[in-house]
Amino acid sequence: EFDMNRETVQTGIDQTTDAFDDGEMNILVLGSDAREDESQEDQRSDTMMLVHVPETRDEMYVMSIMRDLWVELPDVGMSKVNSAQSHGGYPLTIQTVEGLTGADIDHMVIVDFDGFSDLTTALGGVEIENDMAFSAGQANPSYYPEGTIRLEGTDALRFVRERKAFTDGDYQRVKNQQKFLTGIASQVLDSSTLTNPSKISDMVSAFTPYLTVDESLDAQTLVNYGMSMSKMRASGITSFTIPNAGTGTTQGGASVVWPDEEELGNMRSAMENGSMDEYVKELEERQEEQADGATDETGENVTEEPGVDAPQ
320 EFDMNRETVQ TGIDQTTDAF DDGEMNILVL GSDAREDESQ EDQRSDTMML
370 VHVPETRDEM YVMSIMRDLW VELPDVGMSK VNSAQSHGGY PLTIQTVEGL
420 TGADIDHMVI VDFDGFSDLT TALGGVEIEN DMAFSAGQAN PSYYPEGTIR
470 LEGTDALRFV RERKAFTDGD YQRVKNQQKF LTGIASQVLD SSTLTNPSKI
520 SDMVSAFTPY LTVDESLDAQ TLVNYGMSMS KMRASGITSF TIPNAGTGTT
570 QGGASVVWPD EEELGNMRSA MENGSMDEYV KELEERQEEQ ADGATDETGE
620 NVTEEPGVDA PQ
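Everything in the sequence shown is counted per the working numbering, starting at 320 for the first residue and increasing by one.
Just so you know, the hints here were simulated from the structure itself, not pulled from any lab data. Don't take every hint at face value.
Restraint-style ranges between C-beta atoms, simulated for each label pair [what the hints assert, rightly or not]:
1. Asp340 to Gly456: 44 to 54 Å
2. Val328 to Gly421: 16 to 26 Å
3. Pro393 to Thr327: 17 to 27 Å
4. Gly434 to Ser405: 18 to 28 Å
5. Glu608 to Ser517: 39 to 49 Å
Ideal Cβ placement from N, Cα and C applies to all residues, glycine included.
Please construct the entire structure, taking both the sequences and the accompanying hints into account.
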């Protein structure tokens, strides 16, 4: 038994059930990029990911939710998904994502990206595959070449925040954040951590200063989840972006990302019947077909996501 010094928030999640009671676990991960001059109401979650662990517990699916996705906020109406926070705090954010994805959310974790840059240093850097070279930062900019790179400290923080360097800013930023978090997870999993209870405890202690969690997520629960997922390996982690129909403008003039309702329906079914593996493969193939049809004169992909007329 050990205690973790954890910050908790009220989420409205049912505290009485175990996450795997219904066979699967779903965790909503929010990236907090709080500037000091903002009150909590003004903060919008720039990073939203749904982590889905199927009943087998040897796979993990990390779905990034575009912050400008135009969705139904319960009791509020249509709005961007990241505005749920300002309308009704974490409980409304959770309800909104549940309505969008069909997943019952068991836990919520808020990652402090500022703190995560310290964590990368503690881990000795995080290795990722960078798919396009870019620079970030005004003073002494960081340069990220294409290929295998190691991120640490300020470089890591700039890597997850940057979006102005890309023609498709938010899409690429989401991909980079997926890579970064997957890189951290891979390092943790590849060191056979999950088969060793004391290693799990050490890891929980290392991570918790940078996390804010829901009321029911204590240290012992995290260690128990870790041990129950001892078959998980880095190769079992798949990240993808929520099915969407590209960007557009609402009648009110807001620039948004449209959800792809038909694909979301298929995804809900895949989650329910444990066939996420096939689903994500098909989704990525369709996105590649779209991207091949939408490259600009430099040959760079402009639309990485399926358009409204995506082949069904």
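Outcome of the hint check:
1. Asp340 to Gly456: 44 to 54 Å: Hint holds: Cβ distance 45 Å, inside 44 to 54 Å.
2. Val328 to Gly421: 16 to 26 Å: Since the Cβ atoms of Val328 and Gly421 sit about 24 Å apart, the hinted range of 16 to 26 Å holds.
3. Pro393 to Thr327: 17 to 27 Å: For Thr327 against Pro393, whose Cβ atoms are near 23 Å apart, the range 17 to 27 Å holds.
4. Gly434 to Ser405: 18 to 28 Å: Holds, at about 23 Å.
5. Glu608 to Ser517: 39 to 49 Å: holds, 48 Å
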